[in-house]
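Protein chains in written order, with our numbering: chain W, 1 to 113; chain H, 1 to 114.
Hint data in this document are derived by calculation from the structure and do not stem from the laboratory.
Everything numeric in this text was worked out from a predicted model, so none of it was measured.
For every residue, glycine included, the Cβ atom is placed at its ideal position computed from N, Cα and C.
A few of these clues could be false.
[Said to hold, decoys possible] For lysine-lysine, the following BS3-like pairs were computed, each having C-alpha atoms within a straight-line distance of at most 27 Å:
#1 W:Lys-42 to H:Lys-57
#2 W:Lys-105 to H:Lys-57
#3 W:Lys-58 to W:Lys-42
#4 W:Lys-68 to W:Lys-22
#5 H:Lys-9 to W:Lys-68
#6 W:Lys-71 to W:Lys-58
#7 W:Lys-22 to W:Lys-37
#8 W:Lys-71 to W:Lys-22
#9 H:Lys-57 to W:Lys-37
#10 W:Lys-57 to H:Lys-57
#11 W:Lys-42 to H:Lys-9
#12 W:Lys-68 to W:Lys-57
#13 W:Lys-58 to W:Lys-68
#14 W:Lys-71 to H:Lys-9
#15 W:Lys-42 to W:Lys-57
#16 W:Lys-42 to W:Lys-105
[To be verified] Just a sample of chain H residues kept apart from chain W, beta carbon distances all over 12 Å, derived:
#17 Leu-11
#18 Gln-37
#19 Asn-98
What follows is the residue order along each chain.
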Amino acid sequence: GENVEQHPSTLSVQEGDSAVIKCTYSDSASNYFPWYKQELGKGPQLIIDIRSNVGEKKDQRIAVTLNKTAKHFSLHITETQPEDSAVYFCAATDTGANSKLTFGKGITLSVRP
Amino acid sequence: DSGVTQTPKHLITATGQRVTLRCSPRSGDLSVYWYQQSLDQGLQFLIQYYNGEERAKGNILERFSAQQFPDLHSELNLSSLELGDSALYFCASSVGYNSDYEQYFGPGTRLTVT
C-alpha cells in the first residue's frame with residue numbers, strides 16, 4: 001500500500017520568511033495530493049491540493065509543487081505569519097477500487113514573531 | 001467552519017464499554033469517511049460510506065462498525081473499548097465516490113477510555 005513520509009518533523013521560521021515542507025510517496029499510481037492544516041483542538045483543514053496532471057499550483061501565499069518522477073511533493077508558504085503556526089499534513093491517494101487517503105505523520109510549523 | 005458536524009465533542013468511558021459517535025456531512029456530500037488520530041499513529045483511515053453503502057475499508061478493528069443512514073448522517077460504533085482506543089475520531093465528507101475528491105473534516109470527537 002501507499003506510504004507517505006514528511007520531512008522534517010518540526011520546522012521553525014522567522015515571521016516573514018518562507019517555509020517549505022516536503023513529502024514523499026511510494027505508490028506511482030497516486031494521482032491526488034492534498035495538504036491539510038490542523039490547529040490545536042480543531043479538525044484538519046484542506047488548504048491546497050494538486051493532481052498528477054499538474055506540476056504546480058498557487059493560492060495566494062501558498063503553493064504546492066509535484067515531481068512525479070521523484071515521487072515527492074512540497075508545500076511552500078511565503079511571507080509566513082504567526083497564524084501559520086500549526087501542524088501540516090500531506091496525503092496521497094489513487095483512484096483504485098479500495099483507494100483511500102494515506103497521510104504523512106505531520107510537521108509542526110512554528111513561526112516566530 | 002467546514003460544514004461537517006460531529007457529536008459529542010468529548011467522551012469519557014470505561015474499558016469494555018460501547019460508544020457511538022455521530023457525524024453529519026456537508027450539505028450535498030454523499031461520502032462520509034471516518035479517521036482515527038492518535039499521537040503515535042497519526043491520521044488513520046478507518047472506513048468510507050458512499051450514499052449509504054460501504055465503499056472502502058482501512059485499518060478498522062472488528063470491534064468497530066459504522067453505518068450511513070438515508071439522511072446521509074453516519075455513526076461509528078466502538079465496542080469492548082480498550083485503553084488503546086483513546087484517540088481523536090474525525091469524520092470527513094466529500095461529494096464524490098473516489099478518495100480523490102476534496103475531503104472536509106469535522107471538529108472531531110475526543111474519546112478517553114479509562
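- Message: Tell me the numbers of any earlier hints that the structure contravenes, in ascending order.
- Response: Numbers 5, 10, 14, 18 and 19, in rising order.
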